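Protein chains in written order, with the working numbering: chain A, 1309 to 1883; chain B, 137 to 329.
Derived by calculation from the structure, the hints in this document are not laboratory data.
Check each hint, because a few of them may be wrong.
[Unchecked claim] Residues on chain A that point at chain B, a partial pick, calculated with CB under 8 Å:
hint	residue
1	Val1537
2	Gly1541
3	Phe1551
4	Thr1554
5	Ser1566
6	Gly1567
[To be verified] Derived BS3-like pairs: lysine-lysine, alpha-carbon spacing no greater than 30 Å straight-line:
hint	chain 1	residue 1	chain 2	residue 2
7	A	Lys1326	B	Lys304
8	A	Lys1857	B	Lys295
9	A	Lys1334	B	Lys153
This structure is a prediction, so every number in the text was calculated from the model and none was measured.
By construction, the Cβ of each residue, glycine as well, lies at the ideal position given by its N, Cα and C atoms.
Residues per chain are reported as follows:
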Amino acid sequence: MAFFEQEIHDAPTTFLSKYVFSFDHKVIAKQFLWYGIAFLGIGGMMALMIRWTLAFPGQAFPVIGTLLFPNTNGVVPPDTYAMLFTLHGTIMIFYAITPILIGAFGNFCIPLMIGARDMVFPTLNMLSFWLAVLSALLLLVSLFTPLGGAAGGWTSYPTLSTLIGSAGVGQTLWCLALFVLGVSSTMGAVNYIATIITLRAPGMGYFDMPLTVWGLWLTAVLNAIFLPVLGAGLLLLTFDRVFGTTFFLAGAAATSGSGDPVLFQHVFWIFGHPEVYILILPAWGIVSDLLSFFSRKPAFGAKSTALSMTSITILSTLVYGHHMYSGQMSPLLTQSFMMLTMTISIPSAVFFANWLGTLWKGSLRFQTPMLFSLGVVFVFGLGGLTGLYLATVSTDLYLHDTYFVVGHFHYTMAASVLLGGFAGTYFWFPKMFGRMMNEALGKWHFWLSMLGLNGIFMGMMVIGHAGMHRRIYNPFVYEFLQNLIPLNMFITYSALLMGSAQLLFVYNFIHSMYKGPVASQNPWEVGTLEWTIPSPAPHYNFAEIPVVKCGPHEYGNPNLKGKDFQYQTEELVKA
Amino acid sequence: MNEVMSKTIVTAKDGDKIISSVAMIVTLVSFGMLFLTLMMAFAMFRITAPVWPPAGMTRPDLFLPTLSTVMIFLSSFFYTKFEKNTVAGNVDRQNLTATLVLGLAFMLSQFLFWNHLKSQGIYVSSGVFASIIYAFTWIHAAHIVAGLGLLVWLYSALKSADKMTSVKVSSVGKFWHFLGIVWLIMFVTIFVL
Ligand code: HEM
Ligand SMILES: [Cu+2]
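Full structure from sequences and hints, please.
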């Protein structure tokens, strides 16, 4: 592939062109970061309200309860409860994790790590952010419509999501919001893919890219292919709601001529399963890199890590049926999907073993980004293993739609991705803002989050295994669930702990932006390209496009004198 | 390394060409998946229905859809001529205009078709076959409108002809031909079969 050098543009001067309508990938990355963090807060508050209701049904939500639910003296009403879990799921996935991992780190890391001056299409990049803002507005407006926001779950299965299940305009706005967000993310994906293919610095082959970039690029590929599938489903659902088509409506004449609610489940999960890999792949990439950086060792089997991530990406398109085992699927199909799903364990085990291999006999530096990366190794290992029980048809029929599922997907998708996102934030903060975050606060943030998070999600697995359903308003009206009251209270206390630990992060983040110690060019002693330029990165990134001469993980080479790493721009030191 | 260094700076034109074709391929894959999902829904309804068209519906008259097919086919044909001439260096507004006019005629035939359906008593809410016909043609027509916008935009791009012009022309062309192919597939599967 030919190399292509972008010219240096003049620095923007006005406030608007510098901070609001910026073409600079680093500014857009920060915009996405703020956007994601804001929604993390909103989604987190919703989670706390859900948890409060489950542990203390009928009691007013503390402090802000009476403000939000004046009609019930601060108690979360049942219909609001359904909106809360729907919007919590939607917001966390599409408006918190996606903007942080893909929007912020994708934008920030890709050009810097491949030695480019910006994305190939800066305008498209800006447009992608502002469409995401439009989408967020649509979603927030939906909360203030007469019958409230969407309440059909983040999966929005018909008939919960058709006019029969939710008559209000909230669900329609939800569909439109997600459609617009899909367009925004697809624009981002086109940009990322084209950038990585065409703008890699001279000398940088695909296997010389940091694994972070590998993760982001596989994510972009999945996004470009599968977001339109969701888009099509949402369009048809919107047509059903607004214009009276009958794609997902099974009427009286169900034998012929009417629509089929299960069709939406297929469409949703054809998109939905790749979506969970869309979320996790960037985190895997970041963690694979950071483990090597902070173990001061080459990433064990970096090539096989990249290839196993690629094969997982491919396999992830073939397994969606495991979400529908209990939907009267033919046994032949359930068995096939089970086998395909199990196949994913092979590449997963490969890169997981590579992580452990990277750590083995390394000289570990337990700085905050490393702690969070190790956290990902732990929670992803645990979450991944619990997936096997859900992939197995016979056990899934019992576990389906219980809190075991909720525990599983929070371990893999929420906890792992969140911790990976924090690792990345602590790690790239110096390059973003030119200052360091506070280490002591970072460590407190890590340990308190780990404690809270494992309390929550481990607890969820236990109550799920004991038979508690997900998406129920008050579990204690069922006699067989009454023994679980103490456990549910424990989970809620853990959630409160986890929530308050995030205040440390927010304080640390904002305080360090202005008052943190000034960062050197390369505070972590890492050799990838973004650390060869000043902190914070200048608006053109590289005064001169670097020429890459070695891989991203060259640590502990015995031939090196005076330091234990080398930059990617340096010729590999030989004896 | 020397070999790498010498390749470092290619003329912007090559770089632009590569970038835009990579981006265009990815974009068309995305659009393709949108329509593929629709076709999958159609296939599922079609295969599982005991009789087709279902629920006692009649098939819509083929005349207008056939007319649409001819229009869109011809418009793509003129676009090819336009592209060939323009890339060769002589800006060819005539064939671009022909493409645009035929594109507009396609839209007109679609409007007539929707009206015709109503006069036949086939409404949006008349069951799943009607749903498919209306929803799919709407979605396709929305893309055609975007394509027409791009065609109009090309006139201004042609005014300031520079080395990016051929890239723009071929990218818009890929999108326009793509919409033609999608229509052809829809025509054959939904209307003819
Ligand atoms: C760490 C703090 C979090 C807590 C305490 C929490 C708690 C909860 C609770 C209690 C539910 C409701 C389960 C039910 O009743 O069925 C839920 C659902 C859900 N959560 Fe979280 N969550 C957290 C973070 C996240 C994150 C970061 C994500 C995104 C990746 C996420 C994604 C979801 C999804 C997709 C659902 C399902 C919503 C639905 O049923 O439609 N959560 N969460
Ligand atoms: Cu899945």
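Hint-by-hint comparison with the structure:
1. A distance limit of 8 Å between C-beta atoms decides the matter here; for Val1537 (chain A) the minimum to chain B is near 5 Å, and the interface restraint holds.
2. For Gly1541 (chain A), the interface hint holds, since its Cβ comes within 8 Å of a Cβ in chain B; the closest pair sits about 7 Å apart.
3. Taking 8 Å as the C-beta contact cut-off toward chain B, the hint placing Phe1551 (chain A) at the interface holds, the least distance being around 5 Å.
4. The beta carbon of Thr1554 (chain A) is positioned within 8 Å of a beta carbon in chain B (closest approach about 5 Å), and the interface hint is therefore held.
5. Restraint check, Ser1566 (chain A) versus chain B: the minimum CB separation of about 6 Å is within 8 Å; hint holds.
6. Taking 8 Å as the C-beta contact cut-off toward chain B, the hint placing Gly1567 (chain A) at the interface holds, the least distance being around 5 Å.
7. At most 30 Å may separate the alpha-carbon atoms for a hinted pair to count; Lys1326 (chain A) and Lys304 (chain B) meet this at roughly 29 Å.
8. Of the pairs offered as hints, the one joining Lys1857 (chain A) and Lys295 (chain B) is violated, with about 44 Å between alpha carbons and a cut-off of 30 Å exceeded.
9. Taking the CA atoms of Lys1334 (chain A) and Lys153 (chain B), the gap is about 26 Å. The hint holds against a cut of 30 Å.
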